[in-house]
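Enquirer: Sequence:
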Amino acid sequence: MGPGLPTGPVGLVGAGLMGNPMALRLLAAGFEVVAFGRHPERLAGLVSAGAVAVPDLARLAGQAGLVLCMLPAAEQVQEVLTGPGGVLSATRPGTLVVDCSTIGPAPARAMAVRCAERGARFIDAPVSGGVVGAERGELSAMVGGEDEDLTAARPVLEAFSARVVHCGPVGAGQVAKAANQLVVAVTIEAVAEALVLARSAGADPARVREALLGGFAASRVLELHGRRMLEGDYVPGGLARLQLKDLRIVSDMAAEAGLGLPELAVALDRFARLVADEGLGEADHSALALLFERDYGVDVAVRGRPGGEDA
53 MGPGLPTGPV
63 GLVGAGLMGN
73 PMALRLLAAG
83 FEVVAFGRHP
93 ERLAGLVSAG
103 AVAVPDLARL
113 AGQAGLVLCM
123 LPAAEQVQEV
133 LTGPGGVLSA
143 TRPGTLVVDC
153 STIGPAPARA
163 MAVRCAERGA
173 RFIDAPVSGG
183 VVGAERGELS
193 AMVGGEDEDL
203 TAARPVLEAF
213 SARVVHCGPV
223 GAGQVAKAAN
233 QLVVAVTIEA
243 VAEALVLARS
253 AGADPARVRE
263 ALLGGFAASR
273 VLELHGRRML
283 EGDYVPGGLA
293 RLQLKDLRIV
303 SDMAAEAGLG
313 LPELAVALDR
323 FARLVADEGL
333 GEADHSALAL
343 LFERDYGVDV
353 AVRGRPGGED
363 A
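Positions in the sequence shown are counted from 1; adding 52 to them yields the working numbering.
Treat the hints as calculated values from the structure; they're not laboratory data.
Virtual Cβ for every residue (Gly too), placed ideally from N, Cα, C.
Don't take each hint at face value.
Stated by the list, open to error - Here are the computed distance ranges between Cβ atoms for each label pair:
id : residue 1 : residue 2 : range
1  : Pro107    : Arg259    : 49 to 57 Å
2  : Arg272    : Ala324    : 20 to 28 Å
3  : Leu311    : Gly102    : 40 to 48 Å
4  : Asp256    : Pro314    : 30 to 38 Å
Produce the entire structure from the sequences given, and follow the hints as far as they go.
Expert: The following block contains the structure:
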C-alpha cells in the first residue's frame with residue numbers, strides 16, 4: 053500500500069449503481085474487499101463474488117488499509133467518515149481514504165482535514181464513465197491529493213479505471229469532475245436538440261446520428277446517450293437527480309469565481325425541470341430528451357418508450 057500505509061483489504065462504502073461494478077472489478081483484479089452498505093441486500097452479489105460484508109463502519113475501518121467511498125453526495129460522505137461510529141472513529145493511523153464520490157472541492161478539502169486529524173490520509177478521486185465504464189474497467193479517475201497517496205491508491209484505481217490523472221492537490225479532482233459534468237450536461241442537451249431538429253426537419257434521426265459519429269460532433273454522449281434517446285431507453289446508468297446535484301456544485305463554484313456561465317444556466321434549468329416538474333430524477337440523465345419531445349410534440353425514439361408505449 054505504500055510507505056506508512058497499513059496493509060489490509062480494500063474497504064468499500066457504497067455499493068450502488070457505480071460502487072457495485074467497481075468492487076467487482078477489484079475482486080477480479082485479486083483485491084480482498086470488505087463492504088458495508090445501508091441496504092445489506094445490495095451486497096449479495098459482491099459476497100457471491102468473494103467480498104466480505106461487515107455490519108458496521110467501525111468494523112470496516114478496523115480491517116481496511118484503504119477505504120473507498122462511492123456515495124451520492126457530500127452529506128453522505130461526511131456522515132460515513134465523521135459521524136458517530138463512522139470510519140474515522142475506528143480507522144488505523146495511516147489508513148488511506150479514497151473518495152470517488154462527486155462532492156465538490158470545498159467538502160473534499162474539509163474531509164482531508166478531518167482525516168488528517170485522525171492520522172489518516174485522503175484523496176479525492178471522482179470518476180467518469182458511468183455504469184458501463186465501471187463494468188468494463190474503463191472509468192476516468194480525476195485525482196486530487198499528495199503524490200505518495202496517489203501512488204498508494206493507483207493499483208486500486210486502475211482496477212476499474214482506464215485513465216488515472218493527478219489533477220493537483222486535494223480538491224483538484226473535484227474541480228476536474230465539475231468541469232466534466234458541465235461538458236456532459238451541455239452535450240446531452242445538444243444531442244437531444246440535434247435529434248429533435250433532425251426529426252422535425254423530416255430526416256431519420258438514427259441516420260443523422262450515424263453521420264455525426266463520423267465527424268467533429270462525435271462524442272461518447274452522442275454514441276451512448278444518443279442511442280438511448282433513439283431507443284427510448286432511460287434505465288439509469290447515471291441518474292438525472294445526481295446530474296442536477298453535480299450542476300449545482302458547478303453553479304456554486306462559478307458563483308464563487310464570479311463567473312456567469314450561460315450554458316450552465318440553461319442546463320441547470322432544464323435538469324431542474326426534468327427532476328422537479330417531470331418527476332424523472334431516477335431516470336438516466338439522457339432522459340433530458342423527453343423535455344424537447346414534450347415541448348415540441350416530436351418523438352425521437354425509433355422504438356419503445358418509457359412505460360412500454362410505441363414511438
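Enquirer: Against the earlier hints, flag every one the structure doesn't satisfy and list their numbers going up.
Expert: none
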